[in-house]
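Trainee: Below, each chain spelled out in residue letters.
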Amino acid sequence: MSTRTDSGTPLLMVRDLVVHHGQLQAVSGISLTVFPGEVYALIGANGAGKSTLLRTIAGLNHPSAGSISYDGKDVTGLRPEKRAAAGIVMVPEGRRLFPSLSLEDNLKVGMSYARKGPWNISRVYDLFPWMKERRGQKTAQMSGGEQQSVAIGRALVANPRLLLLDELSLGLAPVIVQRIYAMLPQVLESGITVLLVEQDVSQALRVATHLQCLLEGHTTLEGTPAEVTREQVEAAYFGVSDGSNT
Amino acid sequence: MAWVNAIIQGLLTGGLYALFACGLSLMFGVMKVVNLAHGDLATVAGYIAVGIIAVSHVPVLWSIPIVVVLMAVLGYILQRSIIQAAITRGELTTLIVTFGLSIIIENGLQQFFTANSRGLGVGDSFITASFSIGSQISIAYLNLGIFVLAVVVLLGLQQYLSRSKYGRLIRAVADDREAAQLSGADYRHVFGIAAAIAFGTVAIAGICEGMITTISPTIGTDTILLFAFASVVIGGLGSLWGTLLGGVVLGVAQAVGAQINGSWETLAGYAVFLLVLVVRPQGLTSRGVQS
Numbered sequence: 007m008s009t010r011t012d013s014g015t016p017l018l019m020v021r022d023l024v025v026h027h028g029q030l031q032a033v034s035g036i037s038l039t040v041f042p043g044e045v046y047a048l049i050g051a052n053g054a055g056k057s058t059l060l061r062t063i064a065g066l067n068h069p070s071a072g073s074i075s076y077d078g079k080d081v082t083g084l085r086p087e088k089r090a091a092a093g094i095v096m097v098p099e100g101r102r103l104f105p106s107l108s109l110e111d112n113l114k115v116g117m118s119y120a121r122k123g124p125w126n127i128s129r130v131y132d133l134f135p136w137m138k139e140r141r142g143q144k145t146a147q148m149s150g151g152e153q154q155s156v157a158i159g160r161a162l163v164a165n166p167r168l169l170l171l172d173e174l175s176l177g178l179a180p181v182i183v184q185r186i187y188a189m190l191p192q193v194l195e196s197g198i199t200v201l202l203v204e205q206d207v208s209q210a211l212r213v214a215t216h217l218q219c220l221l222e223g224h225t226t227l228e229g230t231p232a233e234v235t236r237e238q239v240e241a242a243y244f245g246v247s248d249g250s251n252t
Numbered sequence: 226m227a228w229v230n231a232i233i234q235g236l237l238t239g240g241l242y243a244l245f246a247c248g249l250s251l252m253f254g255v256m257k258v259v260n261l262a263h264g265d266l267a268t269v270a271g272y273i274a275v276g277i278i279a280v281s282h283v284p285v286l287w288s289i290p291i292v293v294v295l296m297a298v299l300g301y302i303l304q305r306s307i308i309q310a311a312i313t314r315g316e317l318t319t320l321i322v323t324f325g326l327s328i329i330i331e332n333g334l335q336q337f338f339t340a341n342s343r344g345l346g347v348g349d350s351f352i353t354a355s356f357s358i359g360s361q362i363s364i365a366y367l368n369l370g371i372f373v374l375a376v377v378v379l380l381g382l383q384q385y386l387s388r389s390k391y392g393r394l395i396r397a398v399a400d401d402r403e404a405a406q407l408s409g410a411d412y413r414h415v416f417g418i419a420a421a422i423a424f425g426t427v428a429i430a431g432i433c434e435g436m437i438t439t440i441s442p443t444i445g446t447d448t449i450l451l452f453a454f455a456s457v458v459i460g461g462l463g464s465l466w467g468t469l470l471g472g473v474v475l476g477v478a479q480a481v482g483a484q485i486n487g488s489w490e491t492l493a494g495y496a497v498f499l500l501v502l503v504v505r506p507q508g509l510t511s512r513g514v515q516s
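These protein sequences, in sequence, are chains W and R. Going letter by letter, the first sequence gives residues 7 to 252 in this note's numbering. Going letter by letter, the second sequence gives residues 226 to 516 in this note's numbering.
Calculated directly from the structure, the hints in this document are not laboratory data. One or more hints might be untrue.
[As the list claims (entries may be wrong)] Result set (DSS-like, lysine-lysine): computed pairs, CA atoms no more than 25 Å apart in a straight line:
{"no.": "1", "chain 1": "R", "residue 1": "K390", "chain 2": "W", "residue 2": "K114"}
{"no.": "2", "chain 1": "W", "residue 1": "K114", "chain 2": "W", "residue 2": "K144"}
{"no.": "3", "chain 1": "W", "residue 1": "K114", "chain 2": "W", "residue 2": "K138"}
{"no.": "4", "chain 1": "R", "residue 1": "K257", "chain 2": "W", "residue 2": "K138"}
{"no.": "5", "chain 1": "R", "residue 1": "K257", "chain 2": "R", "residue 2": "K390"}
{"no.": "6", "chain 1": "W", "residue 1": "K122", "chain 2": "R", "residue 2": "K390"}
{"no.": "7", "chain 1": "R", "residue 1": "K390", "chain 2": "W", "residue 2": "K88"}
{"no.": "8", "chain 1": "W", "residue 1": "K79", "chain 2": "W", "residue 2": "K122"}
{"no.": "9", "chain 1": "W", "residue 1": "K88", "chain 2": "W", "residue 2": "K114"}
{"no.": "10", "chain 1": "R", "residue 1": "K257", "chain 2": "W", "residue 2": "K144"}
{"no.": "11", "chain 1": "W", "residue 1": "K144", "chain 2": "R", "residue 2": "K390"}
{"no.": "12", "chain 1": "W", "residue 1": "K122", "chain 2": "W", "residue 2": "K138"}
{"no.": "13", "chain 1": "W", "residue 1": "K122", "chain 2": "W", "residue 2": "K88"}
Please read all numbers here as calculations on a predicted model, not as lab measurements.
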């Protein structure tokens, strides 16, 4: 924790965020700070509030209390499309591709309101070389892993500063998950900061520079992967009280 | 030979029906709005053309682009205001709101233009001119022109949806509104553009109706909306060429019905409509997407 503040001003600051799903309180006063260049992982079991938190940061859900500031500006009330234009771009849970559009048209939609930056369609084809030959194909006919790659590509061509990745591993075989996470170094190299949500803890520990564990809408553990032990993570993940919670 | 003639006349009428239908199909496909005021808006476009011609004395054909632009602007404004407000309150609300709009338009037209029907004179040389094939088939230039116009409109619409930036965004928003927002698209603006295009086609449809027969305040729901619905259902929702096919099938059914017995024209059209609903409820072309 102590060395993180050296990386300059935070890119994203979430303060005491409360989000309701109807009567249910999905996120109960969560705070987090993401610095430029980090891979910030939110881990936790099903229903921990991770995806709701990410959707709220992207602007799709509305908080009942708390604030979100991005790049020093308050964005709590900003519409999702304005946040995307400002550089907060999300790869949503379940891919959410446009099924009636071809692969390339999916990427072109991602480029419609793109910021200036290093990413474009041909660079995405370099990152995922199989795409070029199949660019005319409808994405509905593709495998889960391929669809996930297209969803990542669609987000990258918008040239985000903060990339939100929601459950990349969901419904995919471990070997496919690793292949998809292999793109991460190139993404970071291009100056993009990553905030990701994962159910797959070992995958999150492998890539993260900082992690935060959620349980039933609360933070149960926070630190760098080096700072936390496997036992602490397990306790925080399942809510077993053994005195190691922060 | 009389049968061949009936089929050809029906086919040409089908072009007009496709013009009635494509805007309805587009608005349903993109915003899931069943616009019950669709036919009345076509009538409004016809009356606007009557007004423009009366005031400025431009030829009928010149009034088409002016009315198309006016209606497109009206479409964008209506979509961004009352239709969008209805969408956020649920699909049933859009039905009630457009139904209310339909009543307001019909009564407004009767108030200002009386219940008399009016035609849009294309000039005798064009409206009555025709050419003959053999001794019994005579094709009016006006009907042929409207059919060609319908094909051009559908082709243009298809090209726009598949190639342009906003066409792509319209398809994307129709697929997944939230995902489009994540790519930076304001779906309400995209809805507005889709409505503007739909209203533009409605304008062409209304003027063509006025040229080929006459328009009166109630023709919107009595004829245009019903034929548009029938064409969309016969052809299959969401497919532009299905809409043309649906219009042509309806037109041919009506013409053949009239050939059998003069009073069977409308009946035959709806008989085919019901038959398609029973045998093939997804429509003749069952692809779920445009282009």
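Trainee: The structure should be examined with respect to each hint, and the outcome stated for every one.
Mentor: Hint-by-hint comparison with the structure:
1. R/K390 - W/K114: holds (8 Å)
2. W/K114 - W/K144: holds (14 Å)
3. W/K114 - W/K138: holds (14 Å)
4. R/K257 - W/K138: Not satisfied, since the Cα-Cα distance of roughly 34 Å exceeds 25 Å.
5. R/K257 - R/K390: Holds, at about 21 Å.
6. W/K122 - R/K390: holds (18 Å)
7. R/K390 - W/K88: Judged against 25 Å, a Cα distance of about 18 Å means the pair holds.
8. W/K79 - W/K122: Since the Cα atoms of W/K79 and W/K122 sit roughly 20 Å apart, the hinted pair holds (cutoff 25 Å).
9. W/K88 - W/K114: Cα-Cα ~18 Å, so holds.
10. R/K257 - W/K144: holds (23 Å)
11. W/K144 - R/K390: holds (18 Å)
12. W/K122 - W/K138: holds (23 Å)
13. W/K122 - W/K88: Within the cut-off at roughly 15 Å; holds.
Violated hint: 4 only; the structure is consistent with all others.
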